[in-house]
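Visitor: Build the full structure now, drawing on both the sequences and the hints.
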Amino acid sequence: MARRQPASTETNGAALVCAMAWAVPGAGHLWLGRMQKGIAFLVALPLMYGIGLWLEGQIFSFDLSQPLVALAALADLGIGVPYFIARMLGIGDGRVVSVTYEYGNSFLVVAGLLNTLVVLDAYDIALGRK
Amino acid sequence: MTSHVGLMLLFSGFVSLVFALLMKDDVAEQMRFGAALFAGFVAAGLALGWLMFAFPL
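Keeping their order, the protein sequence lines are chains C and W. For the first sequence, this note's numbering gives the first residue as 9, with consecutive numbering after it. For the second sequence, this note's numbering gives the first residue as 31, with consecutive numbering after it.
Hints are computed from structural coordinates only; laboratory data are not their basis. Hints may contain errors.
Simulated crosslink set (DMTMM-like; lysine to aspartate or glutamate; CA at most 20 Å straight-line) [to be verified]: (1) 54/W - 132/C; (2) 138/C - 59/W; (3) 138/C - 55/W; (4) 138/C - 18/C; (5) 138/C - 56/W.
Guide: Right under this line is the structure:
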């Protein structure tokens, strides 16, 4: 029978998996050996984020004077590294007059939120709950 | 592909895919659950679209 790791080591490992899963969508599942899910997340979530940018959606800035904008910014950040790549490349400014602007925002925000769910799923797997 | 329906289908597809993978472990169950979710999203979108046509905001 395998010896169970001490709780602190297990939690540290799970936190590392969460950080990986947040930074690169699907990386947490790949690390934990869930290849099918990991590859699907790795392809689908950055693609969804990219489509949001292509649709001229906006990556919102953290503006605490506008709580809903700040929440959207937090959701955008949920995708991890693609967020920073888009910021570095100067894309994601959004074009409000574009007919697809709101669609783009929806794709960007939901991609970030879905990756947050993926991070929580990876955390549960890392702790042996799933 | 920037039509409203096309983008709704694409969006529904992505969300259904991720939810199906998160909720189910068996591939056959993932397919069934994902297809049901996708159909539900599309049906709800079309129903709400027609409702808003009859009762515009």
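Visitor: Which numbered conditions among the earlier hints are violated in the structure presented, ordered from lowest to highest?
Guide: none
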